[in-house]
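Enquirer: Quick note on numbering: the first sequence equals residues 444 to 1029 in the numbering used here.
Some hints could be false.
[To be verified] Below, computed lysine-lysine pairings styled on DSS-like, alpha-carbon distance capped at 25 Å: (1) Lys515 - Lys504; (2) Lys462 - Lys504; (3) Lys873 - Lys827; (4) Lys513 - Lys499; (5) Lys1014 - Lys943; (6) Lys462 - Lys524; (7) Lys524 - Lys513; (8) Lys842 - Lys884; (9) Lys943 - Lys538; (10) Lys769 - Lys718; (11) Lys566 - Lys769; (12) Lys827 - Lys755; (13) Lys769 - Lys873.
These are calculated hints, taken from the structure and not from any lab test.
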Amino acid sequence: MNIFSEVEARVSTALEALKSEGTLPADLSLPVFDAEPPRDPSHGDIAVNAALVLAKAAKMKPRDIAEALKAKLEAHSDIAKIEVAGPGFLNITFKDEVWHNLVRAILNFGGRYGAGPVRDAGKLNVEYVSANPTGPMHVGHCRGAVFGDALANLLVFAGYDVTREYYINDAGGQVNVLARSAYLRYREALGEDIGAIPEGLYPGDYLKPVGEALAEQHGHSLVSMPEEQWLPIVRAFAIERMMAMIKDDLAALNIRHDVFFSEASLQSGGADLIKAAIEELRQKGLIYEGKLEKPKGHDDDEWEDRVQTLFKSTAFGDDEDRALQKSDGSYTYFAGDVAYHYDKLRRGFRHLINVFGADHVGYIPRIKAVVAALSDKYADLDVKVVQLVRLFKAGEPFKMSKRAGTFVTLRDVVDEVGRDPVRYMMLYRKNQETLDFDFAKVTEQSKDNPVFYVQYAHARSASVLRNAIEQIPGLDVSNAALGEADLSILTDPGEIDLVKRLAAFPRLIDGAASAHEPHRLAFYLYDLASALHSQWTRGNDSPHLRFIQSNDGVATSARLALIAATKTVIKSGLEILGVEAPDAMR
RNA sequence: GAUCCCGUAGCUCAGUUGGAUAGAGCAUCUGCCUUCUAAGCAGAGGGUCGCAGGUUCAAAUCCUGCCGGGAUCGCCA
């Protein structure tokens, strides 16, 4: 149900016909052309650039090709007129019945309108959040989390087979710090005076309950143990509690994952995926022993010039080859990530998407190199970088610091601002753009937040349907009933404009999904809401344009069909963004 | 030293993967509530799309080089 791709198909057919008739050279290969909504309404409903793209190869004037195409396409019963314009555009204008049929189709498809067909594109994996399990999530994590979640929703809606994944960094040094910090809280819970938390350990109060739980479970038994004995116990326990907390935080934002993949599991239970992955690379001749050059641009007194195991990532466009083992023989973080992506590929994913924070951009070339090396290019990886969120309080920049106590948790923000505004705010910007998040603005003047504008449009639609039932007893406003209505009175330019925006929805979903850009949907919904609000208010000046015409059942049903279709699309869109579509504003 | 992101109206940002006369919100000014929810609507003013070249029927969009702002660089995670 995408009129743009339908027109593209018609044009392709027409071009083939022109070839077999000899109007166009028979050996002409058909290039990629577009059927798109023109910016200027006077250019019709759909502009086709086929003639322009084709002209050179066909050795013909674009306008001549356009005229020939026009003759072929014009006969179709749903076309009001076709004009050849400008350098050779084909501007197609539809009859109103096309828009009427579209409203019916939307009511018919309901929440599935705009959804893609199930695609035969292979399994797709979206990895997002992946915050260290060492404390509660803070606002900085918020953006990547919301972005990844909305992107996954969007891809599901577009028809992809999506797995949402969280990589738990539970194997590095920082989880040992977590364990020592929790151990201190454990001793505290047993009545010991632990004084100030030493530098280098996590000072947050959130570890107190962990200490208390440890005390309850183990009594004094851990106190007498040497560190190498209690550390694994406390670490495992603390990580589990931290992950529970993080999942809870994510749930507050309506975010869920299908798979939580543990970094530690790469080397547990007798398996060693890291070794296997490196072996795989070795067989491809991409592993060698060698030295790296000292990094330029900053002093590093601890730089050690030594031979080490390296991955030849430069063969895939990276700046330098990358180390896989530390001087003590243990694997680097990167080695784990090599194995993790090796595992993703083994699980059959053809498309990988990683959502990274801006602080990880330097990591992208090497991880892309890994995927390219291991997949033999059968799989692709797109790394989406979400830029920094700059925090403001009443216009003043605001720095977060754990020690200074100005640490803002994700939970604080959600509790204060609300889930929907936070989500919409994070998505109402493309991911590469830095985002200013002002607490005062979002909390105190929340009317400025576009989320309310869009939600209001949905609530307004719901309200109209409610009022209609009240004013016209016995009226059936179900999608099925409204789909039967005579829609021929829908001829007002505002009404047709609204339908045209609805017609653009499937195309938008398609584009946003393949570009991995959920923000396009947030902007689209804003525009759609605007068109609805506009049409609504026109009813104030021109009562005959109101949606409810209490003395005219035919007109009312037609208008209600339009509003129900609009409501359907807004709801679908908001659901993808993970934002509620309320039936009334409070 | 290198890489990545950004640069579009006074401010914050879109710009449908290269389309025709560049858009929205905020701010400023002018109007619209006896009315299906004014959390709304209509209108006005406001532009060298950072700069300079290049590619082509067509460039804010692609390529090259500069300028300005931000981020990153490790045997950390």
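Enquirer: Work down the list of hints and note, for each, if the structure agrees.
Expert: Results of checking the hints against the structure:
Among the hinted pairs, Lys515 with Lys504 is consistent with the structure: their alpha-carbon atoms are about 17 Å apart, no more than 25 Å. With a CA separation close to 16 Å, the supplied pair Lys462 and Lys504 stays within the 25 Å bound. As the CA atoms of Lys873 and Lys827 are separated by approximately 11 Å, the hinted pair is consistent with the 25 Å bound. Distance restraint check for Lys513 and Lys499: the Cα-Cα separation of roughly 19 Å lies within the 25 Å cut-off, and the hinted pair is therefore satisfied.
The straight-line distance between the Cα atoms of Lys1014 and Lys943 is roughly 17 Å, inside the 25 Å bound, and the hint therefore holds. Restraint check for Lys462 and Lys524: the C-alpha separation of about 24 Å stays at or below 25 Å, so the hint holds. Proposed proximity of Lys524 and Lys513 is supported: the alpha carbons are some 9 Å apart, at most 25 Å. A hinted pair counts as satisfied when its Cα atoms are at most 25 Å apart, and Lys842 with Lys884 qualifies at roughly 17 Å.
With a C-alpha separation of about 12 Å, the suggested pairing of Lys943 with Lys538 holds against the 25 Å cut-off. With a C-alpha separation of about 14 Å, the suggested pairing of Lys769 with Lys718 holds against the 25 Å cut-off. Of the supplied pair hints, the one linking Lys566 and Lys769 is violated, its CA atoms being roughly 34 Å apart against a limit of 25 Å. Proposed proximity of Lys827 and Lys755 is supported: the alpha carbons are some 24 Å apart, at most 25 Å.
Only pairs whose Cα atoms come within 25 Å are accepted, and Lys769 paired with Lys873 is rejected, the gap being roughly 38 Å.
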